[in-house]
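Student: For what it's worth, this note's numbering labels the leading residue of the sequence shown as 1, then goes sequentially.
Quick caveat, the hints were computed from the structure, so don't treat them as lab data. No experiment lies behind these values; they were computed from the predicted model shown. Glycine residues also receive a C-beta, built at the ideal position from the N, C-alpha and C atoms. Honestly, I wouldn't trust all of these hints.
Simulated restraints on C-beta separations [what the hints assert, rightly or not]:
| id | residue 1 | residue 2 | range |
| --- | --- | --- | --- |
| 1 | L16 | I49 | 28 to 36 Å |
| 2 | Q31 | R6 | 29 to 37 Å |
| 3 | D65 | E27 | 16 to 24 Å |
| 4 | C7 | F37 | 15 to 23 Å |
| 5 | Y19 | E51 | 25 to 33 Å |
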Amino acid sequence: MTKAIRCFSNVTLLPLPPYSPELNPVEQLWQQIKQRFLSNTTFQNYDDIIERSCQAWNEILSEDDFIKNLCSREWSFLV
Numbered sequence: 001m002t003k004a005i006r007c008f009s010n011v012t013l014l015p016l017p018p019y020s021p022e023l024n025p026v027e028q029l030w031q032q033i034k035q036r037f038l039s040n041t042t043f044q045n046y047d048d049i050i051e052r053s054c055q056a057w058n059e060i061l062s063e064d065d066f067i068k069n070l071c072s073r074e075w076s077f078l079v
């Protein structure tokens with residue numbers, strides 16, 4: 001990765017560790033989907049996996065507070 005990144009003057013870049021899933025909202029989203037909807041589940045076939053995954057995705061997306069919290073983490077512990 002290059003260190004020369006063009007940035008707007010009102011944006012502060014926070015360098016993150018190369019592997020930091022706890023800081024990645026998408027990783028948190030998939031963790032919740034797996035834990036709440038897909039764990040301890042057996043699937044009949046590939047289509048069943050897709051159908052249940054889509055149901056879980058839609059259920060999570062209907063939870064406005066959960067989605068808002070994904071993107072409003074406290075970053076002060078990084079500084």
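Student: Does each hint hold? Answer for all of them.
Tutor: Hints and how they fare:
The hinted window of 28 to 36 Å between L16 and I49 holds, with their beta carbons roughly 31 Å apart. At roughly 33 Å, the beta-carbon separation of Q31 and R6 lies within the given 29 to 37 Å, and the hint holds. Taking 16 to 24 Å as the suggested C-beta distance range, the pair D65 and E27 conforms, at roughly 19 Å. Under the hint 15 to 23 Å, the C-beta atoms of C7 and F37, about 38 Å apart, miss the expected range.
For the pair Y19 and E51, the supplied restraint of 25 to 33 Å holds, since their beta-carbon distance comes to about 32 Å.
Checked against the numbered hints above, the structure violates only hint 4.
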